[in-house]
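Model the full assembly from the supplied sequences, consistent with the hints where possible.
Protein chains: 2
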Amino acid sequence: MSAKGPRSNTAEEILDIAEMLIQTRGYNAFSFQDISDRLGIRKASIHYHFASKTALGVAVVERYSAGFTEALQAVEADETKSAMDMFDCYTGPYREFADTPDRVCLCGALAGEILALPVEMRERVEAFFKMHLAWLKRIVARGVKRGEFEFSVTNGQMARTMFGALQGALLVKRTTGDSSQMSDVIKVLKAQLTG
Amino acid sequence: MSAKGPRSNTAEEILDIAEMLIQTRGYNAFSFQDISDRLGIRKASIHYHFASKTALGVAVVERYSAGFTEALQAVEADETKSAMDMFDCYTGPYREFADTPDRVCLCGALAGEILALPVEMRERVEAFFKMHLAWLKRIVARGVKRGEFEFSVTNGQMARTMFGALQGALLVKRTTGDSSQMSDVIKVLKAQLTG
DNA sequence: GTCTATACAAAGATAGAC
DNA sequence: GTCTATCTTTGTATAGAC
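Residue numbers (this note's numbering), protein chains in the order written: chain A, 1 to 195; chain B, 1 to 195.
Because the hints were derived from the structure by calculation, they are not lab data.
Do not rely on the hints blindly, as some may be mistaken.
Copies of the same chain are indistinguishable here, so a pair counts whether it falls within one copy or spans any two.
As a list, the in silico BS3-like pairs of lysine-lysine whose alpha-carbon atoms are at most 27 angstroms apart [said to hold, decoys possible]:
#1 81 with 145
#2 137 with 187
#3 187 with 145
#4 187 with 43
#5 81 with 190
#6 81 with 130
#7 145 with 130
#8 130 with 190
#9 53 with 187
#10 130 with 43
#11 187 with 81
#12 190 with 43
#13 137 with 81
#14 53 with 81
#15 190 with 145
#16 137 with 43
Set out below in structure tokens:
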């Protein structure tokens, strides 16, 4: 994570809108015109803040990724939390997305079109995924060590399953419109962790 | 499902290529030019077989959906199979996709860009999803009734979790490139079914 | 920083010859 | 059925005025 200088208000608004558009429609299905319509400035003006669509996409992923990573680090550092508490913190954003119509995790959305993404974005999405998996594996291992969790597969297998299940649940929930999808999945995952 | 007449070879080849392109790049990120390049006919000629891109997309989904539905019906009708056998049959295509680089389930791919899809396609993707969920719920219920399965959530919750986990696993596997993702998830799901 | 104007490429689609 | 040619729209991007 390189240290980025402070950004202008307009640049931040562009990032907000772009993030929302990617989460709802995907990277390849949104245009500068869409941002222009919502922000009220001409699409050419967007290029003043972000030289290219690729640069904008990269900035969106980096901002999102940095915020998420920071939050996860804070959760992990809190020694007063049980492993299950940490897992509950982790699922918080997923529950929020599930309650927001048509919205999925940014990187889940981008993962769906990973091969149609500029390489600069692809690398960052991959790195973000791997960060999630590594974090979950550490939390799972912690729960096992403390005697909170008990299951019959490896920690890595459990972490992967949980991550995939949560990402998949967002996908399914948006398509079927069934908001109970997410809470069902979390319930099953928690039952699974405790054996 | 309306009864479609037999299609020409070229039309079938177009469908094959379009299906592959949607599975790897997504609907909005492929063009008639991509098909033209691979098939060796000019892009205008594609319009002879499919009037519009929407019509082509619909045809791809319907063919895929019909094939999948038929296969699932056959599995379900086979009384000699245990519920776990049926689940193993169900996961077959997922395991295949997981072993094919860069390929995911067609409808998982389309689900990622559902809001950026023509309505005609959206409806069909939604229906296909609901068919999967209903089928899984029936198989799960069957396993419970026969004493094969045992778990602490409802049949519907279990079916949703399994479907989401499998779709999510394909997504994660493609992004991380880790082919063991799918077998890990299936292993966990099976452990979960048997309590 | 935002505007108008414009360049340039690619997309989906149609018309008509062969 | 496939071709060439063309139309129209949309997309990303740049130049230069304000």
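So, going through the hints one by one against the coordinates:
1. Taking the shortest Cα distances, residue 81 and residue 145 sit within 27 angstroms of each other inside one copy (14 angstroms), while across copies they are farther apart (40 angstroms).
2. Taking CA atoms no more than 27 angstroms apart as the test, residue 137 paired with residue 187 passes in both settings, with 19 angstroms inside one copy and 17 angstroms between copies.
3. In this assembly of identical chains, the alpha carbons of residue 187 and residue 145 lie at most 27 angstroms apart whether taken from the same copy (22 angstroms) or from different copies (22 angstroms).
4. For the homomeric pair residue 187 and residue 43, neither the shortest alpha-carbon distance inside one copy (45 angstroms) nor that between copies (50 angstroms) is at most 27 angstroms.
5. In this assembly of identical chains, residue 81 and residue 190 lie within 27 angstroms of each other by CA distance solely inside one copy; the values are 16 angstroms within and 30 angstroms between copies.
6. With identical chains, the CA atoms of residue 81 and residue 130 are at most 27 angstroms apart within one copy only, with a shortest distance of 23 angstroms there and 39 angstroms across copies.
7. For the identical chains of this complex, residue 145 and residue 130 are intra-copy neighbours only, at 22 angstroms inside a copy versus 40 angstroms across copies, given an alpha-carbon limit of 27 angstroms.
8. For the homomeric pair residue 130 and residue 190, the shortest alpha-carbon distances inside one copy (22 angstroms) and between copies (25 angstroms) are both at most 27 angstroms.
9. With identical chains, the CA atoms of residue 53 and residue 187 are never at most 27 angstroms apart, being 39 angstroms at best within one copy and 41 angstroms at best between copies.
10. With identical chains, the CA atoms of residue 130 and residue 43 are never at most 27 angstroms apart, being 34 angstroms at best within one copy and 40 angstroms at best between copies.
11. In this homomeric assembly, residue 187 and residue 81 come within 27 angstroms of each other (Cα to Cα) only inside a single copy, at 19 angstroms, whereas the closest approach across copies is 29 angstroms.
12. With identical chains, the CA atoms of residue 190 and residue 43 are never at most 27 angstroms apart, being 46 angstroms at best within one copy and 51 angstroms at best between copies.
13. Proximity of residue 137 and residue 81 under a CA criterion of 27 angstroms is satisfied intra-copy only: 16 angstroms inside one chain copy versus 36 angstroms between copies.
14. Within a single copy, residue 53 and residue 81 get their C-alpha atoms no closer than 41 angstroms, and across copies no closer than 52 angstroms, so neither meets the 27 angstroms cut-off.
15. Taking the shortest alpha-carbon separations for residue 190 and residue 145, both the intra-copy value of 17 angstroms and the inter-copy value of 24 angstroms come in at or below 27 angstroms.
16. For the identical chains of this complex, residue 137 and residue 43 are neighbours neither inside a copy (43 angstroms) nor across copies (48 angstroms), given an alpha-carbon limit of 27 angstroms.
Violated hints, in rising order: 4, 9, 10, 12, 14, 16; the structure is consistent with all others.
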